[in-house]
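Listed in order, the protein sequences are those of chains A and B.
Following full-length UniProt numbering, the numbering of the first sequence begins with 1 at its first residue and continues without gaps.
Following full-length UniProt numbering, the numbering of the second sequence begins with 1 at its first residue and continues without gaps.
I should point out that these hints are in silico values taken from the structure, not numbers from a laboratory.
Check each hint, because a few of them may be wrong.
[Said to hold, decoys possible] A short list of chain B residues far from chain A (calculated; beta carbon distances all over 10 Å):
{"#": "1", "residue": "Leu24"}
{"#": "2", "residue": "Arg68"}
{"#": "3", "residue": "Tyr79"}
{"#": "4", "residue": "Lys83"}
{"#": "5", "residue": "Leu88"}
{"#": "6", "residue": "Ser93"}
{"#": "7", "residue": "Leu108"}
[As the list claims (entries may be wrong)] Label pairs and their in silico Cβ distance ranges:
{"#": "8", "chain 1": "A", "residue 1": "Asp80", "chain 2": "B", "residue 2": "Leu275", "range": "39 to 45 Å"}
{"#": "9", "chain 1": "A", "residue 1": "Arg37", "chain 2": "B", "residue 2": "Ala40", "range": "32 to 38 Å"}
{"#": "10", "chain 1": "A", "residue 1": "Gly175", "chain 2": "B", "residue 2": "Pro174", "range": "18 to 24 Å"}
{"#": "11", "chain 1": "A", "residue 1": "Gln42", "chain 2": "B", "residue 2": "Ile4", "range": "39 to 45 Å"}
[Stated by the list, open to error] Straight-line distance between alpha carbons at most 25 Å, and here's what the computed SDA-like set of lysine to any residue pairs gives:
{"#": "12", "chain 1": "B", "residue 1": "Lys278", "chain 2": "A", "residue 2": "Glu139"}
{"#": "13", "chain 1": "B", "residue 1": "Lys97", "chain 2": "A", "residue 2": "Arg35"}
{"#": "14", "chain 1": "A", "residue 1": "Lys174", "chain 2": "B", "residue 2": "Lys67"}
{"#": "15", "chain 1": "B", "residue 1": "Lys97", "chain 2": "A", "residue 2": "Gly29"}
{"#": "16", "chain 1": "A", "residue 1": "Lys174", "chain 2": "B", "residue 2": "Phe59"}
{"#": "17", "chain 1": "B", "residue 1": "Lys67", "chain 2": "A", "residue 2": "His36"}
{"#": "18", "chain 1": "B", "residue 1": "Lys97", "chain 2": "A", "residue 2": "Glu102"}
{"#": "19", "chain 1": "B", "residue 1": "Lys97", "chain 2": "A", "residue 2": "Gly136"}
{"#": "20", "chain 1": "B", "residue 1": "Lys278", "chain 2": "A", "residue 2": "Pro181"}
{"#": "21", "chain 1": "B", "residue 1": "Lys278", "chain 2": "A", "residue 2": "Leu28"}
{"#": "22", "chain 1": "B", "residue 1": "Lys278", "chain 2": "A", "residue 2": "Trp177"}
{"#": "23", "chain 1": "B", "residue 1": "Lys278", "chain 2": "A", "residue 2": "Glu216"}
{"#": "24", "chain 1": "B", "residue 1": "Lys97", "chain 2": "A", "residue 2": "Thr43"}
{"#": "25", "chain 1": "A", "residue 1": "Lys174", "chain 2": "B", "residue 2": "Lys278"}
{"#": "26", "chain 1": "B", "residue 1": "Lys278", "chain 2": "A", "residue 2": "Pro41"}
{"#": "27", "chain 1": "A", "residue 1": "Lys137", "chain 2": "B", "residue 2": "Gln144"}
{"#": "28", "chain 1": "A", "residue 1": "Lys137", "chain 2": "B", "residue 2": "Lys278"}
{"#": "29", "chain 1": "B", "residue 1": "Lys219", "chain 2": "B", "residue 2": "Ile142"}
{"#": "30", "chain 1": "A", "residue 1": "Lys174", "chain 2": "B", "residue 2": "Ser93"}
{"#": "31", "chain 1": "A", "residue 1": "Lys174", "chain 2": "B", "residue 2": "Pro302"}
{"#": "32", "chain 1": "B", "residue 1": "Lys278", "chain 2": "A", "residue 2": "Leu217"}
{"#": "33", "chain 1": "A", "residue 1": "Lys137", "chain 2": "A", "residue 2": "Gln200"}
{"#": "34", "chain 1": "B", "residue 1": "Lys278", "chain 2": "A", "residue 2": "Asp214"}
{"#": "35", "chain 1": "A", "residue 1": "Lys197", "chain 2": "A", "residue 2": "Pro181"}
{"#": "36", "chain 1": "B", "residue 1": "Lys219", "chain 2": "B", "residue 2": "Ser93"}
{"#": "37", "chain 1": "B", "residue 1": "Lys278", "chain 2": "A", "residue 2": "His36"}
{"#": "38", "chain 1": "B", "residue 1": "Lys278", "chain 2": "A", "residue 2": "Ala215"}
{"#": "39", "chain 1": "B", "residue 1": "Lys97", "chain 2": "A", "residue 2": "Leu27"}
{"#": "40", "chain 1": "B", "residue 1": "Lys67", "chain 2": "B", "residue 2": "Leu80"}
For each residue, glycine too, the CB sits at the ideal point set by N, CA and C.
Residue strings, one per chain:
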Amino acid sequence: MPDSDSAGPHPWLRPLFFAAVVRPALLLGFGLGVRHRERLPQTGPAIMVANHNSHLDTLLLLSLFRLGALRTVRPAAAADYFGKSGAVRWITQNLIGAILIERHAEGGRRADPLAPLSAALLRGEIVLLFPEGTRGKPEVREAFKTGLAHLSRRHPEVPVIPVALRGLGHALPKGEWIPVPLNLYAAIGEAVESDPKNKQAFTRAVEAAIDALDAELPTAVWD
Amino acid sequence: MQGILDTLRGGVGLILGLILLLLLIATFISELVPKLRGRAGSPELISRVRAWWVMAGLFVLAVLVGKRVGIAFIMFLSYLALKEYLSLIPQRSADRKVLLWAYLAIPLQYLWVFTGRYGMFIIIVPVYLFLLLPFRLMLTGITQNFLRASSTLHWGLMMTVFCLGHLAYLLVLPPLHPAGGVGLLLYVVLVTQFNDVAQYVSGKSFGKHKIVPQVSPGKTWEGFIGGLICTAVLAVVIAPVITPLSVWEALILGLLLPAVGFIGDVTMSAVKRDLGVKDASSLIPGHGGILDRVDSLMFTAPVFFHFIYYFVYGPYR
């Protein structure tokens, strides 16, 4: 599988998919409010981390990049979820350009799950991570898993850029199929200093950065 | 093509020339004057004027192509405005699905516009949806904040679907002037938006005495009256070109529409203040969101419509 990852997403179908389908749909069907767009990394290697509410989070994050820069942006996706059937796997790898990660051990021993992400960073790509590992309750951030800290420890020179996403938990929450047209928001933060010695402190720092960004976004819930 | 040429005759072409002239003057002030003086122009003003070009271009294109496209364009404006409104207001998460019903009000309302069914057009949002949506909200079984949820939802529908919908109904009124419904639509939109700009400019130049400092500190009596005078002149001058209005009717509208537009502007300011935002969104560079651009239009559209429906169309109905 490392081969299919380094081959990367489809060279022209993926930009076409984003230009013709994803961007118009996100813009007209939902609407985007982006804060600090200028902080978006133009070139890799970089790790972007965001909170996770919906499957559309990945599309939302990818649509923030210029079509030209999209080539090097690779979201991480769970192999056990997105790598099962042929069609889903093909879309995930070619249109979304995802790198499939083995989350669970197979038959007791498991290969290094972060190896494909490490390889992507070494190739100078921008890796998108959802360290919650799951979409969880709508609009509630769960504690981050340690994979991010492990990855950052291996590549301490690579900037870790936090992003807060808001809105998809209402517009298309987990388990719902009909989206409700509502604005979506993203706030991009400054890079969080890598801390190879203290994984916990680093994870907490990224969580705090995302919470601070989240506080910048409009909120309006009565319950 | 023939349809567009027919529309351009009967005064509409002349008014489009006037809009073009106004845009050129604005661009001259925002971009050329600073350049000639060897300074950088205000980026805020430049993006504002450029957005005016795009908005005016889209609007003119939509109304010129034909009645159906014109109605669809205003229907799309309603959708964007409602979406922006629903994104801003506080929500109960249980009401997620009810919002879809609120969106269904848009095609329903514009169906009556399209088929020219005035009776249904005027009653569907204020009466039937007013009764139906609280019923659907009740079915969620959650009573906490029930009144807040149903009130805010209906207020948004009245503003973005019912009030804005009046613009589209102008297009299906029987023509009493060669410019037809397109002439009426151009008239109210041009007068309202011109007044917004004229109020802003004269407020910036002479503004001193604030009208409602707690709600909208930028609004002054000097700006209001300056805008009113400029707009009244414009309203009287262009009325015979594209509308069946008499001089007196045009003069009354020239005084009424700026006042009503102002009321719409500050009312939406109060809403935004309540919600704690400066702009409704960042969709239009330099202007804010759709709601920021159509705030005055949501008030002038029904007032203009019912003025002409009663006084001008009254004898012909």
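Results for each hint:
Every beta carbon of chain A lies more than 10 Å from that of Leu24(B), the smallest distance being close to 30 Å; the non-interface claim holds. Chain A leaves Arg68(B) outside its interface by the beta-carbon criterion, the shortest separation being 19 Å against a cut-off of 10 Å. Some Cβ of chain A comes within 10 Å of the Cβ of Tyr79(B); the nearest lies about 8 Å off, and the non-interface call is violated. A beta-carbon of chain A comes within 10 Å of the beta-carbon of Lys83(B); the shortest separation is about 5 Å.
The Cβ of Leu88(B) does not lie farther than 10 Å from every Cβ of chain A; its closest approach is about 7 Å, which violates its non-interface assignment. Separation of Ser93(B) from chain A is inadequate, the least Cβ-Cβ distance of about 6 Å not exceeding the 10 Å criterion. The beta carbon of Leu108(B) sits about 16 Å from the closest Cβ of chain A, which is more than 10 Å, so the claim that it is off the interface holds. Look at Asp80(A) against Leu275(B): about 42 Å separates their beta carbons, and that is inside 39 to 45 Å.
Taken as a hint, the range 32 to 38 Å is violated for the pair Arg37(A) and Ala40(B), whose Cβ atoms sit roughly 22 Å apart. For Gly175(A) and Pro174(B), the hinted distance range of 18 to 24 Å is not satisfied, since their beta carbons lie about 51 Å from each other. The hinted range of 39 to 45 Å is satisfied by Gln42(A) and Ile4(B), whose Cβ atoms lie roughly 44 Å apart. Of the pairs offered as hints, the one joining Lys278(B) and Glu139(A) holds, with about 24 Å between alpha carbons and a cut-off of 25 Å not exceeded.
Pair hint Lys97(B) plus Arg35(A) does not hold up; C-alpha atoms about 28 Å apart against a cutoff of 25 Å. A hinted pair counts as satisfied when its Cα atoms are at most 25 Å apart, and Lys174(A) with Lys67(B) does not qualify at roughly 41 Å. Of the supplied pair hints, the one linking Lys97(B) and Gly29(A) holds, its CA atoms being roughly 16 Å apart against a limit of 25 Å. This hinted pair does not check out: Lys174(A) and Phe59(B) have alpha carbons roughly 38 Å apart, beyond 25 Å.
The hinted pair formed by Lys67(B) and His36(A) fails the criterion: a straight-line CA distance of about 41 Å is larger than 25 Å. Pair hint Lys97(B) plus Glu102(A) does not hold up; C-alpha atoms about 36 Å apart against a cutoff of 25 Å. For a cut-off of 25 Å, the pair hint linking Lys97(B) to Gly136(A) stands: about 20 Å separates their Cα positions. In summary, the hint linking Lys278(B) to Pro181(A) is supported, as the alpha carbons are separated by about 22 Å, within the 25 Å threshold.
Of the supplied pair hints, the one linking Lys278(B) and Leu28(A) holds, its CA atoms being roughly 22 Å apart against a limit of 25 Å. Taking the CA atoms of Lys278(B) and Trp177(A), the gap is about 33 Å. The hint is violated against a cut of 25 Å. For the hint pairing Lys278(B) with Glu216(A), the CA-to-CA distance comes to about 14 Å; that is within 25 Å, so the pair holds. As the CA atoms of Lys97(B) and Thr43(A) are separated by approximately 41 Å, the hinted pair breaks the 25 Å bound.
For the hint linking Lys174(A) to Lys278(B), the alpha-carbon distance of about 31 Å lies beyond 25 Å, and the restraint is violated. Taking the CA atoms of Lys278(B) and Pro41(A), the gap is about 28 Å. The hint is violated against a cut of 25 Å. At roughly 21 Å between alpha-carbon atoms, Lys137(A) and Gln144(B) fall within 25 Å of each other, so this suggested pair holds. At roughly 30 Å between alpha-carbon atoms, Lys137(A) and Lys278(B) are farther apart than 25 Å, so this suggested pair is violated.
Taking the CA atoms of Lys219(B) and Ile142(B), the gap is about 41 Å. The hint is violated against a cut of 25 Å. For a cut-off of 25 Å, the pair hint linking Lys174(A) to Ser93(B) stands: about 13 Å separates their Cα positions. Of the supplied pair hints, the one linking Lys174(A) and Pro302(B) is violated, its CA atoms being roughly 41 Å apart against a limit of 25 Å. Using a Cα cut-off of 25 Å, the hinted pair Lys278(B) and Leu217(A) holds, with the two alpha carbons roughly 13 Å apart.
Restraint check: the Cα-Cα separation between Lys137(A) and Gln200(A) comes to about 23 Å, which is no more than 25 Å; the hinted pair holds. For the suggested pair Lys278(B) and Asp214(A), the alpha carbons sit about 18 Å apart, so the restraint of at most 25 Å is met. For the suggested pair Lys197(A) and Pro181(A), the alpha carbons sit about 44 Å apart, so the restraint of at most 25 Å is broken. Of the pairs offered as hints, the one joining Lys219(B) and Ser93(B) is violated, with about 37 Å between alpha carbons and a cut-off of 25 Å exceeded.
A C-alpha spacing of about 17 Å is found between Lys278(B) and His36(A), which places the hinted pair at or below 25 Å, so the restraint holds. Taken as a hint, the Lys278(B) and Ala215(A) pair is honoured in the structure, with Cα atoms around 16 Å apart against an allowance of 25 Å. Simply put, Lys97(B) and Leu27(A) have alpha-carbon atoms about 21 Å apart, close enough for the 25 Å limit, and the pair holds. Between the alpha carbons of Lys67(B) and Leu80(B) the distance comes to roughly 20 Å, so the proposed pair stays at or under 25 Å and holds.
Against the hints set out earlier in the document, violations occur for numbers 3, 4, 5, 6, 9, 10, 13, 14, 16, 17, 18, 22, 24, 25, 26, 28, 29, 31, 35, 36.
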